[in-house]
Amino acid sequence: MSAVNRQQRTPMPEQDPATRARNFEEVPLGYTPEQAQQEAARCLNCKKRECVAGCPVEVDIPAFVHLIAESEFAAAARKIKETNALPAVCGRVCPQESQCESKCVLGKKWEPLAIGRLERFAADYERMNNLVELPEKQPPNGKKVAIIGAGPSGLTVAGDLILLGYGVTIFEAFHRPGGVLMYGIPEFRLPKAIVESEVDYLRQLGVRIELNQVIGRSITIDELTEDLGFDAVFVGVGAGLPYFLGIEGEQLGGVYAANEYLTRTNLMRAYRFPEYDTPIVKGRTVCVLGGGNVAMDAARTARRLGAEHVYIVYRRSKAELPARAEEVHHAEEEGIIFKLLAAPLAFEGNGDGMVQRMRCQEMELGEPDDSGRRRPVPKAGCEFTIETDLVIVAIGGGANPLLTKSTPGMELNRRGYIVADDAGKTSKPRVWAGGDIVTGSATVIEAMGAGRRAARAIHECLSG
Amino acid sequence: MSRIVNKTELVPNIHEMLVEAPQIAAKALPGQFVVVMADETGERVPLTIADFDRDQGTITLILMVVGTSSRKLARLRAGDAFHALLGPLGHPSEIEDYGSIIMVAGGVGTAPIYPIARALRDKGNRVITIQGARNRDLLFWRDRMAAVSDEHIITTDDGSAGRKGLVTEPLRERLAADNGKTIGCVYAIGPTIMMKCCSDTTRPFDVRTIVSLNTIMVDGTGMCGGCRVEIGGETRFTCVDGPEFDGHLVNWSTMMARQRIYHTSEQCSLTRYLDEVSTS
Numbered sequence: 534m535s536a537v538n539r540q541q542r543t544p545m546p547e548q549d550p551a552t553r554a555r556n557f558e559e560v561p562l563g564y565t566p567e568q569a570q571q572e573a574a575r576c577l578n579c580k581k582r583e584c585v586a587g588c589p590v591e592v593d594i595p596a597f598v599h600l601i602a603e604s605e606f607a608a609a610a611r612k613i614k615e616t617n618a619l620p621a622v623c624g625r626v627c628p629q630e631s632q633c634e635s636k637c638v639l640g641k642k643w644e645p646l647a648i649g650r651l652e653r654f655a656a657d658y659e660r661m662n663n664l665v666e667l668p669e670k671q672p673p674n675g676k677k678v679a680i681i682g683a684g685p686s687g688l689t690v691a692g693d694l695i696l697l698g699y700g701v702t703i704f705e706a707f708h709r710p711g712g713v714l715m716y717g718i719p720e721f722r723l724p725k726a727i728v729e730s731e732v733d734y735l736r737q738l739g740v741r742i743e744l745n746q747v748i749g750r751s752i753t754i755d756e757l758t759e760d761l762g763f764d765a766v767f768v769g770v771g772a773g774l775p776y777f778l779g780i781e782g783e784q785l786g787g788v789y790a791a792n793e794y795l796t797r798t799n800l801m802r803a804y805r806f807p808e809y810d811t812p813i814v815k816g817r818t819v820c821v822l823g824g825g826n827v828a829m830d831a832a833r834t835a836r837r838l839g840a841e842h843v844y845i846v847y848r849r850s851k852a853e854l855p856a857r858a859e860e861v862h863h864a865e866e867e868g869i870i871f872k873l874l875a876a877p878l879a880f881e882g883n884g885d886g887m888v889q890r891m892r893c894q895e896m897e898l899g900e901p902d903d904s905g906r907r908r909p910v911p912k913a914g915c916e917f918t919i920e921t922d923l924v925i926v927a928i929g930g931g932a933n934p935l936l937t938k939s940t941p942g943m944e945l946n947r948r949g950y951i952v953a954d955d956a957g958k959t960s961k962p963r964v965w966a967g968g969d970i971v972t973g974s975a976t977v978i979e980a981m982g983a984g985r986r987a988a989r990a991i992h993e994c995l996s997g
Numbered sequence: 015m016s017r018i019v020n021k022t023e024l025v026p027n028i029h030e031m032l033v034e035a036p037q038i039a040a041k042a043l044p045g046q047f048v049v050v051m052a053d054e055t056g057e058r059v060p061l062t063i064a065d066f067d068r069d070q071g072t073i074t075l076i077l078m079v080v081g082t083s084s085r086k087l088a089r090l091r092a093g094d095a096f097h098a099l100l101g102p103l104g105h106p107s108e109i110e111d112y113g114s115i116i117m118v119a120g121g122v123g124t125a126p127i128y129p130i131a132r133a134l135r136d137k138g139n140r141v142i143t144i145q146g147a148r149n150r151d152l153l154f155w156r157d158r159m160a161a162v163s164d165e166h167i168i169t170t171d172d173g174s175a176g177r178k179g180l181v182t183e184p185l186r187e188r189l190a191a192d193n194g195k196t197i198g199c200v201y202a203i204g205p206t207i208m209m210k211c212c213s214d215t216t217r218p219f220d221v222r223t224i225v226s227l228n229t230i231m232v233d234g235t236g237m238c239g240g241c242r243v244e245i246g247g248e249t250r251f252t253c254v255d256g257p258e259f260d261g262h263l264v265n266w267s268t269m270m271a272r273q274r275i276y277h278t279s280e281q282c283s284l285t286r287y288l289d290e291v292s293t294s
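So the sequences go chain by chain: P and U. For the first sequence, our numbering begins at 534 and goes up steadily by one. For the second sequence, our numbering begins at 15 and goes up steadily by one.
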């Protein structure tokens with residue numbers, strides 16, 4: 534093997550932008566074993582393990598990286614799984630650059646260790662070579678935990694508690710488990726077969742998953758604890774109702790909330806219409822409103838569905854884009870055009886109820902607002918129009934009231950989110966909560982971190 | 015679970031399905047709906063719960079064959095299971111004592127209106143039902159509607175049963191004759207254009223008018239926003255804010271335009287499906 538290159542990380546091969554912009558295959562192709570070992574050898578194995586402190590689920594990063602360097606790939610995957618039930622997912626969608634990798638000592642002078650790529654490699658290697666082994670479980674302790682929502686937080690709670698001997702049942706409203714991993718994140722960023730395989734691993738561990746159950750309607754939380762014998766409940770129901778802009782014309786056809794656009798594509802597989810029955814409006818000129826990761830996902834999806842021009846319309850400047858740098862970079866490579874400092878004013882229809890153009894206001898940056906970012910203010914007299922036949926509104930959402938409104942005794946904050954302490958304990962006895970229904974829109978790994986802390990707290994409470 | 019116990023074609027292209035769904039049956043209330051999928055590649059389709067039997071653990075769904083998804087559902091037989099069945103969803107109807115109430119059921123709208131009429135009658139309302147269809151052969155559940163109505167008026171477009179004409183005619187006459195203002199509420203459920211026309215008819219009489227909207231949905235739990243409608247100038251979601259709304263506040267023209275969004279795709283899907291079915 535060549536000498537260790539501490540300065541630069543080992544590049545990961547990717548599909549060429551022009552090719553991938555027209556398919557739904559995964560963009561990064563993953564490390565080969567040689568590339569993984571080459572990258573793993575860069576680790577300094579620091580005494581003070583800053584990277585572990587930067588991980589919301591405290592993966593033993595130096596240990597698994599060391600195992601990769603030693604060619605013990607499957608053992609590396611198992612090391613990760615001691616604290617992270619979804620390594621193939623996290624290796625792909627975690628914002629490592631602001632978590633573990635941001636703490637890497639190599640990064641102080643050079644490029645940080647590519648921890649996410651290594652995590653992904655280990656998990657993929659284990660799965661693709663059929664080396665997945667089930668870890669030892671504690672004997673059944675006779676206690677039952679109900680988890681509401683099969684998304685990142687719920688799956689994490691399930692993975693932790695099943696190993697501790699609990700009977701674990703997940704209730705999921707959709708017909709496929711995974712939550713945002715299934716309906717939100719596109720195939721080209723997180724193949725659904727990987728989500729299925731990680732969920733299947735939990736099933737093999739003994740986790741029961743009841744699909745098509747809308748808790749709060751078919752069964753209430755009180756019924757779970759009082760009639761169905763659950764000792765504790767974890768609420769991880771995730772994202773809520775999408776926001777719209779409240780401007781003229783948003784009822785027009787071809788104007789979607791990103792949730793709908795992505796759910797149609799990912800969960801319902803509209804990108805394979807008519808083989809799958811769920812249709813989707815395909816635009817030639819697409820405007821995506823918003824600058825977060827969801828906006829990038831929507832824009833890149835539209836491109837793959839055949840759009841000629843895709844614009845990200847964002848009211849601040851590039852520096853304030855909330856999306857991960859890697860997502861912005863990938864979007865740019867695929868020809869997505871950033872229309873910055875622009876805000877929509879109204880949508881106009883074509884007379885047949887479909888959107889035809891969007892009127893926008895040019896913005897400029899003023900004084901910093903509460904978030905510390907400079908506030909966009911309208912530039913007087915500067916309006917413009919974009920001809921567009923598909924608009925995707927990706928400006929976030931609010932709390933979904935479906936479950937919380939049917940759950941007496943659970944305190945909500947002013948915005949409708951569940952009030953919970955750091956361990957996820959709510960005001961309702963025996964009920965914990967975590968993920969977006971507590972924090973509002975956040976990341977997969979933050980939801981998983983909340984799941985980890987809640988699992989620990991549930992265990993302490995039920996075993997004490 | 016979610017197995018079809020019995021299925022009958024009530025009238026051409028309208029099917030009644032009795033479905034084993036004990037959890038949904040235990041909680042269902044008039045006005046609520048379920049989301050169903052016929053198979054793995056299918057759409058998620060909202061269907062109103064037309065009846066429920068808590069003891070038997072069954073719900074009744076009424077299905078009108080229109081495009082690919084409804085055809086796939088209609089092909090399921092007794093003993094088959096849905097790929098997915100989720101519910102009960104949406105707000106239940108507000109069952110109050112209005113005095114007298116007019117229930118207007120157009121076409122397949124008879125299905126959702128039946129349990130609401132029954133509950134309102136049990137509450138003490140005098141129920142006047144106006145049940146309309148294009149012709150005699152398309153009328154179903156006449157006996158059931160008669161059983162929960164104090165007055166039962168039938169209309170058909172061609173006069174082959176009951177009175178010839180549209181449901182709005184007896185509706186207008188009834189309201190015009192109601193000098194004592196005993197009619198406290200009108201329910202109108204059926205094709206969108208019928209609900210709009212009923213709302214237009216009742217507006218001058220200033221009588222509360224409730225409609226149940228059948229917008230296109232995906233998840234049915236508030237997450238996607240595809241079922242949004244404009245109600246009194248505000249954006250509302252049919253799945254979690256409805257499905258019942260004040261008919262006088264609905265922006266009918268945008269609602270009807272939204273129902274046409276996928277028209278071309280639906281045609282394409284149907285052609286492909288019919289081709290597939292005929293060759294299989």
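Be aware that one or more of the hints could be misleading.
As the list claims (entries may be wrong) - Below are the BS3-like pairs computed for lysine-lysine, each with C-alpha atoms no more than 27 Å apart in a straight line:
| # | chain 1 | residue 1 | chain 2 | residue 2 |
| --- | --- | --- | --- | --- |
| 1 | P | K851 | P | K642 |
| 2 | P | K677 | U | K41 |
| 3 | P | K938 | U | K41 |
| 4 | P | K670 | P | K958 |
| 5 | P | K958 | P | K912 |
| 6 | U | K41 | P | K961 |
| 7 | P | K872 | P | K851 |
| 8 | P | K580 | P | K641 |
| 9 | U | K137 | P | K938 |
| 10 | P | K677 | P | K851 |
| 11 | P | K815 | P | K725 |
| 12 | P | K676 | P | K958 |
Note that these hints are calculated values from the structure, not bench results.
Consistency of the hints with the structure:
Proximity of K851(P) to K642(P) is assessed by CA-CA distance (about 25 Å); at most 27 Å being required, the pair is judged to hold. Note on K677(P) and K41(U): the hinted pairing holds, with a Cα-Cα distance of about 24 Å set against a maximum of 27 Å. Of the supplied pair hints, the one linking K938(P) and K41(U) holds, its CA atoms being roughly 16 Å apart against a limit of 27 Å. Among the hinted pairs, K670(P) with K958(P) is consistent with the structure: their alpha-carbon atoms are about 25 Å apart, no more than 27 Å.
As the CA atoms of K958(P) and K912(P) are separated by approximately 46 Å, the hinted pair breaks the 27 Å bound. With a C-alpha separation of about 23 Å, the suggested pair K41(U) and K961(P) falls inside the 27 Å cut-off, and the hint holds. Using a Cα cut-off of 27 Å, the hinted pair K872(P) and K851(P) holds, with the two alpha carbons roughly 9 Å apart. For the hint linking K580(P) to K641(P), the alpha-carbon distance of about 16 Å falls within 27 Å, and the restraint holds.
Simply put, K137(U) and K938(P) have alpha-carbon atoms about 26 Å apart, close enough for the 27 Å limit, and the pair holds. Note on K677(P) and K851(P): the hinted pairing is violated, with a Cα-Cα distance of about 48 Å set against a maximum of 27 Å. For a cut-off of 27 Å, the pair hint linking K815(P) to K725(P) stands: about 22 Å separates their Cα positions. For the given pair, K676(P) sits about 18 Å from K958(P) by alpha-carbon distance, which is consistent with the 27 Å threshold.
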